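Asker: Dock chain R against the given chain Y, drawing on the hints supplied.
Those protein sequence lines, which keep their order, are chains Y and R.
If you count by our numbering, then the first sequence holds residues 1 to 434, one letter each, in order.
If you count by our numbering, then the second sequence holds residues 435 to 868, one letter each, in order.
Careful: at least some of the hints might be erroneous.
What the hints assert, rightly or not - Mimicking DSSO-like on lysine-lysine, the simulated pairs with C-alpha atoms at most 30 Å apart in a straight line are:
#1 53(Y) <-> 356(Y)
#2 670(R) <-> 700(R)
#3 864(R) <-> 58(Y)
#4 103(Y) <-> 815(R)
Treat the hints as calculated values from the structure; they're not laboratory data.
Predicted model only: the values in this text are computed from it and were never measured.
Number of protein chains: 2
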Amino acid sequence: MKTLIKNIDIIAMDAQNHRYEGGVILYDDDTIEYVGVLSEIIDSGKVDLKQVKVIDGKGMLALPGFINAHTHIAMTAFRGYADNMPLWEWLSERIWPMEDRLKPEDAYWLSLLGAAEMISAGVTTFSDMYMFTNNIAQAVSDSGMRAVLSRGMIGPNEQMWQRFRDIEELAEWQNRAEGRISMMIGPHSVYTCSPEFLKTCRQLAEKYETGIHIHLSETARETADCVREYGYTPVKHLYELGFFDFPVTAAHCVHVTCDDMDLMAKHNVTAVHCPSSNMKLASGFAPVDEMLERGITVSLGTDGAASNNNLSILKEMSLAALIAKGYTGNPKALPAQTAVKMATNMSAKAVMLEDKIGSLEAGKKADIQLIDISCPHYYPKADPLVHLVYSGYSGDVNTVIINGRVVMQDRMLTTIDLNQVYREVDRIIKRIRY
Amino acid sequence: MKTLIKNIDIIAMDAQNHRYEGGVILYDDDTIEYVGVLSEIIDSGKVDLKQVKVIDGKGMLALPGFINAHTHIAMTAFRGYADNMPLWEWLSERIWPMEDRLKPEDAYWLSLLGAAEMISAGVTTFSDMYMFTNNIAQAVSDSGMRAVLSRGMIGPNEQMWQRFRDIEELAEWQNRAEGRISMMIGPHSVYTCSPEFLKTCRQLAEKYETGIHIHLSETARETADCVREYGYTPVKHLYELGFFDFPVTAAHCVHVTCDDMDLMAKHNVTAVHCPSSNMKLASGFAPVDEMLERGITVSLGTDGAASNNNLSILKEMSLAALIAKGYTGNPKALPAQTAVKMATNMSAKAVMLEDKIGSLEAGKKADIQLIDISCPHYYPKADPLVHLVYSGYSGDVNTVIINGRVVMQDRMLTTIDLNQVYREVDRIIKRIRY
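For reference, chain Y alone in the conformation it holds in the complex (with noise of 0.2 Å):
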C-alpha cells in the first residue's frame, strides 16, 4: 500500500535543492514515488486518495534520514565508562580489555540500544566498524534500519580465518532484511595493521567488490608513529599500499597534511568528519573547511558511544557548523546547508549508497524523518534549515520511517522493545565491567 505524507514543509537535498511548504511525500512499500505538491499528483493520477495510508505532517520538517557514517554500535557498552583519557591510554587500559569480556549475543542487545538512540535523533542508517558482525546484522534487521557494516580488523594475528568467515557470513547479510545490510571492509588504522595485512584487507575489498572503511590521521601520534615506521603520512601510507584504487571511506582525519589532503581530493577518499570523539579525547579539530574546499566529500560520524557519547548526526552536525567557523576564524565557514549535506547526501557516499539514499526525490528509498518544527526555538519562522543546525535538539525529531517502515511514531518506537533492550544491557554490564 502507498503512503503519503501531507501538510509537510519538505527540503529535499536533492541536487536541484528542491524545498516545499505544505509539501506531499508519496512512497510505496520501500522506495519514494514522488515529492512535491498535492494537486500535482491528484491532477496526473498517480495517487487515489482512498487508496493510500496517510500521515499529517502539520508543524514538521521532512528531511531525508541522517547518515552516521562512522560509529561502532555495541559500544554503547561503554558509555560514560572512561572519561577524561586521551586515545591510546583509552583504547589500550580501558576499551580493549572490557571488550574481551563481551560474547557475540551481547552484541545484539547493545546494537538494539544504539538503533534506539539512532532512530530517536531521526538516523536512519548507521556504517559500523566492530566485531560480532552476525550479531549486530540480526539486530539490524530486527531494528528496521539501514546499515553498512565492516567487520574490524587488527592484523596479522592469529584468529584470521575467523575474520573471513565473518567477513563471508555479512556478505551473505546482503540478500537478507529486506536489502538494508551492505557491507564494506575494515582494517581499523595504519598503526594496527601491518602493510601486508593492509595488502589482504585490499584484496579482500576487491574480492567482495566494496570500499574500505578505516580510521586515518586521527591523532598526531598516528601521524608522527607512521613517518617513523613508514616514512609517509597514514595517507600516503594507504596510497602507496594501492587503497586508493578502491572507494576508502576515511574516519577522523584531523591531521591531515595539504598533500594528504590533494592526494584525497584526486582519488576521491571520503572523509568522516566525528567533531565529538575528537574533541573529547582531545585529538584535535579537523580542517572541514579546508577539505570542502578542496572538493573532497566530508561525512559526518558520531564514533562509538564510548568517546562521543552520544550517537546523534544531528548534534554532530550543529558542533561541526560551529567548530568549524571558531577554528578558521571565518564566520562564513561551512554554512549550514553544507552542514546539513554533510549529514544526508555527503554520508550517502561515504557509506556507498549514494544511489539508495541521501535526499529525498523519486525513486530513492523511503528514509525520512518529520522533525517538529513547531517548538520555540523554530520561532521565529526563517530558514528552517538554518534553524535545524544552529537551534535544533535531537529530541526534535518526532517521526522516523526506514524503508517505508515507520521505526518511530511520535517518538514511540515501533521495533524495538527498550525495557527488554534495558533488561539485557543491565545484565551484560553487570557482567563485563571491572
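Answerer: Chain R only, in chain Y's frame:
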C-alpha cells in the same frame, strides 16, 4: 502547601556534592526545606505525607535549574536572520537597524518566546542585557522565571535621562514578582562606552548597590582597538577605571591575556563563557581551562538567539566540556563535574544570586529541573552527570519548577500560552524584518 518530590535521583551541586538515588526534595512555598532520603524526614516529623503535594520523580534526575548568565532575551526576534557574518558587521548592518524598529511592547512577546524556550531546556534563571527592561520584567513576572536584568547602555548619548529612568523602574521591579527579579548595571562594552560614561555606570552600580554586567574582550578587534585607543587591554582598562571595586560579570572573555586573567582572579571578576556565540561569530575559543585554573569563576551564557541561535545552557555546557579538550589538547580539561558547576553554582555567583540558587539544599529557592533519564542515551547506567554533559539533549528536561511553582510539567508549559506568543511574534516579525 508543601511539595514533596519523591523517588528521584538527585545531584544537589552543593558544597558537599551530595547525591541520592531514589531520594526526596521537600519544599515549602518558594524555599527548599530538605534534600535527602524519605525515611529521615518521616522520622524527624518534618512532613506529614497526607498534607503535602507529591510529585513522583521516578526515572528522573533532579538538578538545580540551569542559569543562563548572559543573554539578550528579546533578540529571539532575530533568530536565524543574520548568519555567516563577523560580529561588527552583524551588529552594525543587521541587528542594530532592525532593533531600531522594535517597540517596547514587542519586547514583552519576544521575551515570553525566549522564556518558553529556556524553561523547555531547564533554564530557570537568566541574566539579561537589553533595552525595554520594563517590558522584559513584565514577561519575567508572567512567565514565572527568575531574572537579573540590566539596562544595556551605549554612551554617552542624548537619551541618557531615559536610560536612567529605565534603571529606576528596574529597581522598583525588585519589590515585585515575588522577588524573582533583580538588577545589575549594563554598560555594553569598552568599544561602545566612553571612559567618562563607564565611570557614570560605576556610580550607578554604587547607587543601586549592585554589580556590573558588561561584554568584555569578545573579539581580537575589541582588544586591539582598546590597546590602541587607551593603552590597555579591555580588562586592564576597566580596572584602571575602578570597575573592579564592584562585582563585575564579564561576558565572553575570549581574548584575555595572562595578565588580564590574573587581574580578574585577584578582583573576583566573573567570566561568562558563551561558546556557541563565540564560534558562530568566529570570535574564537575562550581560554576557559586557564581561567578556571587561576581560580576565576567561569559561568555559562547563551548570548542572544541572534548569534547562538538557541538559549539552552545544557548545550553550552556540553560544548564547553568538549571544546576545552579540543582546544587545549588535554582530554582531562574541563571534566563533566566542572561543566555542571559552571551551569549552576558558578553561574549563580555570576548573577549575584549564590545565596539563593545554584544548588539543591535547605534554605535555597526551589528552582529545580527534573530530567528524564529513561531515554536510550542515558544507558547503560553510569554517572548520570557524565551522561548529562556528554550525551544529554535539551529535550530531556521533563519538569521545571521555579520559586516553588511548576512552570513545565511533562514538557507542557503551564505559564505561557505558546500559540498566542507565536501569533504575536509573527505579527512583530512581519513589521520589523526587511
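Asker: None of the hints should be skipped; say for each whether it holds.
Answerer: Hint-by-hint comparison with the structure:
1. Among the hinted pairs, residue 53(Y) with residue 356(Y) is consistent with the structure: their alpha-carbon atoms are about 23 Å apart, no more than 30 Å.
2. A distance of roughly 12 Å separates the Cα atoms of residue 670(R) and residue 700(R); the hinted pair therefore holds under the 30 Å criterion.
3. Straight-line distance between C-alpha atoms of residue 864(R) and residue 58(Y) comes to about 22 Å, which keeps the hinted pair within the 30 Å bound.
4. At most 30 Å may separate the alpha-carbon atoms for a hinted pair to count; residue 103(Y) and residue 815(R) meet this at roughly 20 Å.
The earlier numbered hints are all upheld by this structure, with none contradicted.
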